[in-house]
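*Asks:* Chain residues, written in single-letter form:
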Amino acid sequence: MSGNSNMKFLYAGIAIALLLAVLAPFLASPDPDGLESAASHVVEKSKLSDMEENKPAVNAPMADYSIKGLGKGGEVAAIAVGTLAVLAISFGFGIIFKKKA
Amino acid sequence: MHIPDSFIPLDQAIIYWVIALPFIIMSMKWAKKELDEMKIPILAALAAGIFAIQAMNIPIGMGTSGHMVGAVLVAIIFGSPWAGVLVLTLVLLVQGFAFADGGITTMGANILNMGVVSGFVGYYTYSFLRRNLSTNIAAFGGAWLGLFISAIVCAIEMWLAGTFPLRAGLIAMGTYHLIIGFIGEGLLTSIAITAIAKSRPDLLEDSFTTRPDKSKKEVHA
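If you read the sequences in order, they're chains A and B. Anchor point for the first sequence: position 12 equals 11 in numbering that gives the first Met the number 0, and the numbering is continuous, going up by one each time. Anchor point for the second sequence: position 133 equals 132 in numbering that gives the first Met the number 0, and the numbering is continuous, going up by one each time.
None of these hints come from the bench; they were simulated from the model. Don't take every hint at face value.
Said to hold, decoys possible - Derived DSS-like pairs: lysine-lysine, alpha-carbon spacing no greater than 25 Å straight-line: (1) A/Lys7 to A/Lys98; (2) A/Lys98 to B/Lys197; (3) A/Lys7 to A/Lys99; (4) A/Lys54 to A/Lys71; (5) B/Lys32 to A/Lys98; (6) A/Lys98 to B/Lys31; (7) A/Lys97 to B/Lys28; (8) B/Lys197 to A/Lys46; (9) A/Lys7 to B/Lys197; (10) A/Lys54 to A/Lys67; (11) B/Lys32 to A/Lys97; (12) A/Lys54 to A/Lys44; (13) A/Lys7 to A/Lys97; (14) A/Lys97 to B/Lys31; (15) B/Lys197 to A/Lys99; (16) A/Lys99 to B/Lys32; (17) B/Lys31 to A/Lys99.
If we strip away everything but chain A, and leave its shape as in the complex, we get (with noise of 0.2 Å):
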């Protein structure tokens, strides 16, 4: 596997990706997962609410993939962020714990 192509993989890699961040906020199915599906159908509507109620430990700063104020450009722009994001860590990431030649 040559270098040169393994760098054509990834620009093709970032395209898909940000082209999914673009969509993703128009086209994606705006019903609940398969997890909160089913907690909406097996769960008691008294201790659902209450789970619902329940803040995450940590306050996120794109909570659900939106941006204050911004609507879908705001959507577009978390999940744009987020990607490039997951890119950059996972590079760095291997820059660190790649096998030492």
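Starting from the structure of chain A, add chain B where the hints point.
*Replies:* Just chain B now, with coordinates in the frame of chain A:
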């Protein structure tokens, strides 16, 4: 399938972290042993792509949606389920801390379910099916089963947590993820593997020459 903080009591959540930790450490050891400079761009591209595709929820009917998890795809490309654990750990870290997608206390459980269980079950199912079937069908089967089993494990964790009743929880989680696993995981993994087999067949061959047959090793977790 990202478990929020409120779904598992703290003491149990810590136990899942303790169980997840050796798997996370092993995945780092895998990187030290197998990840060379050439493969870093592949790892980073997959991690970024998986983060983005996890934002793309697909409707499956019954007022429910689901998305690809991706651990099996990464495991197949790198020829090791540890690569799937590693990528899912990195993705879940960013999702939890920046986006409140999955809790921080429950991140250990999420890493176990989506990284370890789906990755290991999916990869070894793929390896087994690959002996007699084409790559894309084996990838489909592995990814589908991996996601389904991880949902079953998740339902059991929800029961242990006192959050879901056992039977109803298993039926609901199983039904939804049978469908999510078919479309969101199986088909998408198969499509990605087919595309990679066409454009970069060396990536897939590589995983077989470096890891000839590890399917005899039992599927734990």
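*Asks:* Please go over all the hints and tell whether each is borne out by the structure.
*Replies:* So, going through the hints one by one against the coordinates:
1. A/Lys7 to A/Lys98: holds (22 Å)
2. A/Lys98 to B/Lys197: violated (28 Å)
3. A/Lys7 to A/Lys99: holds (24 Å)
4. A/Lys54 to A/Lys71: Judged against 25 Å, a Cα distance of about 24 Å means the pair holds.
5. B/Lys32 to A/Lys98: holds (5 Å)
6. A/Lys98 to B/Lys31: holds (4 Å)
7. A/Lys97 to B/Lys28: The hint holds at about 9 Å.
8. B/Lys197 to A/Lys46: Given pair B/Lys197, A/Lys46 is violated - Cα atoms ~51 Å apart, limit 25 Å.
9. A/Lys7 to B/Lys197: Holds: A/Lys7 and B/Lys197 sit about 14 Å apart, inside 25 Å.
10. A/Lys54 to A/Lys67: Roughly 17 Å between the alpha carbons, so the hint for A/Lys54 and A/Lys67 holds.
11. B/Lys32 to A/Lys97: OK: B/Lys32 and A/Lys97 at ~7 Å, within 25 Å.
12. A/Lys54 to A/Lys44: Roughly 18 Å separates the two Cα atoms, so the pair holds.
13. A/Lys7 to A/Lys97: holds (20 Å)
14. A/Lys97 to B/Lys31: holds (5 Å)
15. B/Lys197 to A/Lys99: Given pair B/Lys197, A/Lys99 is violated - Cα atoms ~31 Å apart, limit 25 Å.
16. A/Lys99 to B/Lys32: This hinted pair holds, its Cα atoms lying about 8 Å apart.
17. B/Lys31 to A/Lys99: Status holds; Cα separation ~7 Å.
Of the hints listed earlier, those the structure fails to meet are numbers 2, 8 and 15, in rising order.
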